[in-house]
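A.B. asks: One line per chain: the protein sequences are G and U, in this order. All you need for the numbering used here is the position in the first sequence, starting with 1, plus 5. Mapping to the numbering used here: the second sequence position 18 is 2, numbers consecutive.
It should be emphasised that the hints constitute simulated quantities derived from the structure, not laboratory data. Backbone N, C-alpha and C define an ideal beta-carbon position, used for all residues, glycine too. Don't take each hint at face value.
Stated by the list, open to error - Here are the in silico distance ranges between beta carbons for each label pair:
| no. | chain 1 | residue 1 | chain 2 | residue 2 | range |
| --- | --- | --- | --- | --- | --- |
| 1 | G | T84 | U | Q55 | 41 to 51 angstroms |
| 2 | G | T82 | U | G0 | 39 to 49 angstroms |
| 3 | G | H100 | U | S10 | 21 to 31 angstroms |
| 4 | G | F17 | U | I(-7) | 28 to 38 angstroms |
| 5 | G | E67 | U | E(-1) | 40 to 50 angstroms |
What the hints assert, rightly or not - Below, a sample of chain G positions facing chain U; criterion: calculated Cβ distance under 8 angstroms:
| no. | residue |
| --- | --- |
| 6 | Q46 |
| 7 | G47 |
| 8 | L50 |
| 9 | Y53 |
| 10 | A86 |
| 11 | L95 |
| 12 | N107 |
| 13 | E108 |
| 14 | Q109 |
| 15 | F111 |
| 16 | P113 |
| 17 | G114 |
Spelled out, the chains give:
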Amino acid sequence: DGGITQSPKYLFRKEGQNVTLSCEQNLNHDAMYWYRQDPGQGLRLIYYSQIVNDFQKGDIAEGYSVSREKKESFPLTVTSAQKNPTAFYLCASSHPGRVDSNEQFFGPGTRLTVL
Amino acid sequence: AQSVTQPDIHITVSEGASLELRCNYSYGATPYLFWYVQSPGQGLQLLLKYFSGDTLVQGIKGFEAEFKRSQSSFNLRKPSVHWSDAAEYFCAVGSTGNQFYFGTGTSLTVIP
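Kindly produce the complete structure, drawing on both the sequences and the hints.
C.D. replies: Following this line, the structure appears as structure tokens:
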């Protein structure tokens, strides 16, 4: 089955620690995205990548970092510089070259809680 | 600047009643419009999308949406709501650069 996997589903970390969230897709999509979701605020874009070895900051990139070494993988690191990291994180992918199907496909999400 | 407004934060309907969720967008060119649904603690699932052509689009689970350019709206409708439709609904507009802009969501409660 093709899709997007995110792991772990729940993640706890202590203040001051960096943590990396995994996102893997087998849809052969070029573009991948990371969103943060907080109650009442919808989805806010953290980073996105249109192609391997390239990525751009979204609206709320401060305190986060990403890498895109493989087409299938787009891990997100939440650093200790992120002041309020507790949130639900969603990864998505899309095939931007096709206008008729540039919908974004979402993973199941990772809930990060800072203790 | 691109933006999406969902004016209703929370809606409650009775099972079997009709439903309309509002979405207004701001976008300079012809928009690509989407409705997604999210169950608690889950990812987003695409309900339907509009790219061009017929302004009334059909989606999964009996949902439909109508694109009205003059009103910059893309409202989601369902003629008869089921208890399983209770969820959060997000409207989104996609740009040619494939960035998406999401509304803040509408939470739907269905009462028996």
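A.B. asks: Are the hints correct? Go through all of them and say.
C.D. replies: Here is how each hint holds up against the structure:
| no. | hint | verdict |
| --- | --- | --- |
| 1 | G:T84 <-> U:Q55: 41 to 51 angstroms | holds, 43 angstroms |
| 2 | G:T82 <-> U:G0: 39 to 49 angstroms | holds, 48 angstroms |
| 3 | G:H100 <-> U:S10: 21 to 31 angstroms | holds, 26 angstroms |
| 4 | G:F17 <-> U:I(-7): 28 to 38 angstroms | holds, 29 angstroms |
| 5 | G:E67 <-> U:E(-1): 40 to 50 angstroms | holds, 44 angstroms |
| 6 | Q46 | holds, 6 angstroms |
| 7 | G47 | holds, 4 angstroms |
| 8 | L50 | holds, 7 angstroms |
| 9 | Y53 | holds, 7 angstroms |
| 10 | A86 | violated, 24 angstroms |
| 11 | L95 | holds, 6 angstroms |
| 12 | N107 | holds, 6 angstroms |
| 13 | E108 | holds, 5 angstroms |
| 14 | Q109 | holds, 6 angstroms |
| 15 | F111 | holds, 4 angstroms |
| 16 | P113 | holds, 5 angstroms |
| 17 | G114 | holds, 5 angstroms |
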